[in-house]
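Put together the whole structure using the sequences plus the hints.
Respectively, the protein sequence lines represent chains A and B.
In the working numbering, each residue's number is its place in the first sequence (first place is 1) plus 95.
In the working numbering, each residue's number is its place in the second sequence (first place is 1) plus 631.
It should be emphasised that the hints constitute simulated quantities derived from the structure, not laboratory data.
Heads up, some of the hints might be wrong.
To be verified - One side only, chain A facing chain B, incomplete, derived with CB under 7 Å:
#1 Leu120
#2 Ser147
#3 Arg203
#4 Lys281
#5 Glu285
#6 Leu481
#7 Leu488
Glycine included, C-beta positions come from ideal geometry on N, C-alpha and C.
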Amino acid sequence: MIWLYHWLEDGITAYVAFVNGMSFLLMLMGYFALRNKSDAFNAREIDVLSKSPLLPSVSVLAPAYNEAATIRHSVRSMLRLRHPRHEVILINDGSADGTLRELIDEFRLYRSSRIPWGSIQTAAVRAVYESRDPIPLLVIDKENGGKADALNCGINYARHDLFAAVDADSILEKDALLHLSRPFLKNHEETMAAGGIIRVANGCAVSGGAVLAPRVPKNMLARFQIVEYLRAFLAARVAMSHANTLLIISGAFGLFRRSVVAEMGGYRLDTVGEDMELVVRLHHFRRERGLPCRIVFLPDSVCWTEVPETQRILRRQRVRWQRGCFESILFHKSMAGNPRFGSVGLVGLPYFILCEVIGPFVELTGYVATVIGLMLAWVSGGGALLFFAVSILFGLFMSVSSVLLEENTICKYPDPRDLLRLLLAAVLENLGYRQLNLLWRVEAILQVLLKKKRSWGEMERRGFQRETEAV
Amino acid sequence: MRIYVKSGLVFVLAGGATFLLERVFANRDSTLRLALAFSVVQIFATVALALYLAVQRFHTRFQKNICDQLRPALQENITALAFSGQAWPTVVPKQGMARQVLEECLSAAFSGLRDSGRERLAQFAWDQGFARQWERACSDSSPVRRKHAIALLAAVSRAETRALMESALADPDAAIRTEAARALLSTGDTAIVDRIFRALLAEPLLVRVLLTADLKRHARFLLAETVPSVLAGGQSQQIVHCLEILSAWKLAIPGFDIAPMLDRLQNLPLVVALLPYVQVPDTVEDHLRSALETPDIEVRCAAAHAAGQLKLHALLPTLLPLLNLNARLAAASAKALAQMGPEGERHLHSVLAGSDRKASAAAMEALETLAVGVQ
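The following block contains the structure:
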């Protein structure tokens, strides 16, 4: 029995060494890639782009479900985005809280006869509205069908070259669309999608649909999530984008080539991770046909979003994300290890399987095995402590590095006290929060394996209004 | 590629350090030894990173404070020099923070100045060795520094830097090529304008978008000389890009015969965008009729759009069947009918009364757009 235990222990050690090594490598690549940003637009270029008729046009699709509290601010912020040719399409996905009434009153909407150009199957559309004022706003009122269904409906009505999928409750920085257009301009034929960075808006001063002063929130869960987001976006996604193996574009803010997504049939409805699934499917669809496919992440295109501040909502969100990720991998498992799909098949997807699917189980097994080993005296107290320390220290190293990446590149928290708070959160997140996340990830994978019914759940929004009052 | 090499190098260094340390911890189980070595490397790296972070923050803050103190006096001197030609009152800083701030202030001043003021500053930058400093930066390995240097040299605008700018037109980085092209365009030399326009037609969309506005200042020369020769003898892709730029300028060549372009149906969407700006040949009707019947949906939509803009009533019988096809064509056709005035509107009203839901929806949308526009 003891030899089996030591075999398991060696296996886990080898796995941890491999995954940690890969994460470290990604972090390094992210660091060097971020330092090498020569093509970021300067103020003059932004000004030229914002007036250029040659820039690909964009339809901003924002699905909304019971967002009456924040919808006016969100739509205003989307209309204020700098872009020479953009329209905002808000899809009211069967809200029951007066979201539509708010919009009709605020933007002087009339019932329009606009017809959809696309033909993706969606829940029934009740009515389409446009504004009497000269603003590029289209509101689609439809039966509830979920976020993916609402986005598909938006794609049907969109008429521009690109569409941006955004969360109605998020705040995009004024030049975010222009920055995100960059890969479509640079590699016009190859770029299929681009994603921006998602930053935590909790605690920030918000006014007139824009974040005025970034601040680290008081809530500890929100702080942990800031460190997590920095780690995920500034290290992993920058590196994966550089290697063209990016498999996720956040559902809160991404820009896609409309014609290609429409040709693929839009978002899938049978997964809670429609954002990741679409990106993986784009790779699958294009590479299968021998067509070029570039999916890019841009850290200078910023979208602010509110993150959960209670454990209950956070758990629901994380379980949903993990389910979505696992489902997407399952849908496209045939790509893994297949050289036909290039770097995505050989590196991107296998890495995701190792880290996101197998990872949680290995980590949990590691914790359980250490406890059993200690109880049966198969492992010394010092040895167990050392392994625990290695795991914690690596997490700590990665978190501190992410904070450094943010400092070195897109410095958004000017107050040094905020930096200290983030460093403290980077230390503390390894003692409890990380383990909690691990349990939720395992729970999500088990839910998929046991075919448990999927649900979106609701995010309790405090609304940006409160911060505005504070300002 | 350099990113992979650098990352790999640091990775190997960290791995090497771990394995070296492992040998230090003798008399233990091999896995434990490795774990211990890994922990030590991690602790060291984390502490080093945190320290670096703190030092960097402190340094940035310190620098900012000094810059804030130096800036007002330097800006005042620059203003006096630029507007009234007053000599620099103190010793010009040759190195260190003050020099950096001066460079920053000069860069800001260049963007807001014209004519004699700019000339005085350029002379000052030249005399004080800033231009030579920027010339050296043009061969820096960092594209960010190269781009910055090119932008500043452009502001100095001296004949001596011209060769450097021209060589930057071949830089592998598109952002630097763009910056160099902008700088050279500001000289107004027609030979270089011609060269840049021709080179631009082979550049990615990003460069075309960024330079189109700068080139518009030379539109008269380009429309007279370069554009006709490109349209006459250029490759298909060059012609498309050329037409794209013309449509962005909303300008066309005087007396330009668009008929040969209409024969190249794959360019039609762009050619059509130009139609309002050129002398339309008599044959356009026949060309558009055949374009409305091609299988390419883009071409058909563009042709419908052109028919509407030119109010070609003779094309009404060809436009009407499009209302019964797919939604996009129906919308384009309905919009064209709406643009044709009362006769087109009459047709739209008759479609509204018809049984084809797709056609009547398109007609309704077009009429509604018309009504909202009138309102």
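Results for each hint:
At its closest, the beta carbon of A:Leu120 sits 5 Å from a beta carbon of chain B; the interface hint therefore holds under the 7 Å criterion. Look at A:Ser147: its Cβ gets to within about 5 Å of chain B, closer than 7 Å, so that hint holds up. This hint is violated: A:Arg203 has a C-beta 11 Å from the nearest C-beta of chain B, more than the 7 Å allowed. This hint holds: A:Lys281 has a C-beta 5 Å from the nearest C-beta of chain B, less than the 7 Å allowed.
Given the 7 Å rule on beta carbons, the hint for A:Glu285 is violated: about 10 Å separates it from the nearest Cβ of chain B. With a cut of 7 Å, the hint placing A:Leu481 at the interface with chain B holds, because the nearest CB-to-CB distance is about 5 Å. Hint status for A:Leu488: holds, given a least beta-carbon distance of 4 Å to chain B, under 7 Å.
Violated hints, listed in ascending order, are 3, 5; each of the other numbered hints is respected by the structure.
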